[in-house]
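K.L.:
Chain by chain, the residues:
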Amino acid sequence: MIVNGKERDFDSGITVNELLEKLNLSKDTVVVEVNLEIVPKDQYAAKILNEDDKVEIVSFVGGG
Amino acid sequence: MANNISSLERYRRQVIIPEVGKAGQQKLLDAKVLVVGAGGLGSPVLYYLAAAGIGTLGIVDSDSVDITNLQRQILHRTDDLGREKVVSAKEKLNSLNPDVKIITYNLRLDRYNAKEIIGEYDIIVTAVDNFQTRYILNDACIELNKPLVEGGIRGFDGTLITIIPGKGPCYRCIFPHNVDLEKGELGVMGAAPGIIGSLQALEVIKLVLGIGKPLSGRMLFFDGLEGNFSEIEISRNEECPVCGKKDKGE
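First to last, the sequence lines map onto chains E and D.
For the first sequence, position 50 (counting from the first letter as 1) is numbered 50 according to the working numbering, and the numbering increases by one without interruption.
If you count the second sequence from 1, you need to add 1000 to reach the working numbering.
None of these hints come from the bench; they were simulated from the model.
Note that the structure is predicted; figures quoted are calculated from it, not measured.
C-beta: ideal position from N, C-alpha, C; glycine also.
A couple of the hints might just be wrong.
[Claimed, not checked] Pulled a few chain E residues facing chain D out of the computed Cβ check, cut under 7 Å:
{"hint": "1", "residue": "29"}
{"hint": "2", "residue": "31"}
{"hint": "3", "residue": "41"}
{"hint": "4", "residue": "61"}
{"hint": "5", "residue": "63"}
Based on the provided sequences and hints, a complete structural model is requested.
P.N.:
Structural data, given as structure tokens:
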């Protein structure tokens, strides 16, 4: 699975929620894009990730 | 008219760039750009746009200059403490380039005043420190069909994306749900907004001139400690409550 441009060794079948937990990221401070589509937050628990998925985790950078 | 092509000497070093030329310089002199925020990002954005000869610059900010601003907000100086940021900014920019017409708005942008102000400009720049104003600007720019150059910073890092209504994703396509902000004061190294703000200014100039490839449909990330840039592609959300109904492409 590719996460933020890097090949990462996560098991196929984990959910977005589980991925964020493994990466120690709060689901309230990021948005997750899987294969170029933003995943709605209410689908994090159900959305299953596969080995060949491309995942991007975008933090909100809000300073100005 | 101050904004006349006859006084090109000031702009010579950019006019000789083939992609700019005299015709391009005239486009810059005719352009109207609104910069929301005269702080960390707004400072480099405004300096470079004024220097390049953007003919009309609007500046929105409701704050006054505070001592803690000065490590990054390079428009303002120690002598400006307590002064309105828009006044301080206008003074520096007028001194840098008197060709530029500067219009100041000493107010906080909200749902009620946003469209009226934005309607006067060709391109809008987000240089704000909060999520709420970004949503307000995004929604108003989509409705009025104005390009929006969005930047954000944190620590040594920054992000950048140009939102072109109907073409690329809007801010709500990317951040469909409210993202919780870190509580308390955000740390920022001043050079980081210097980088992102300079890139925002360049995006504006590209849009005005109609050259290059805007950062639409892709978000740029700057990692200051690693010293690298990366980008990710982001598609439009067809079901986006704000931009979902706009026509795609063209």
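K.L.:
Hint by hint, say whether it matches the structure.
P.N.:
Verification of the supplied hints:
no.	hint	in the structure
1	29	6 Å, holds
2	31	6 Å, holds
3	41	5 Å, holds
4	61	4 Å, holds
5	63	4 Å, holds
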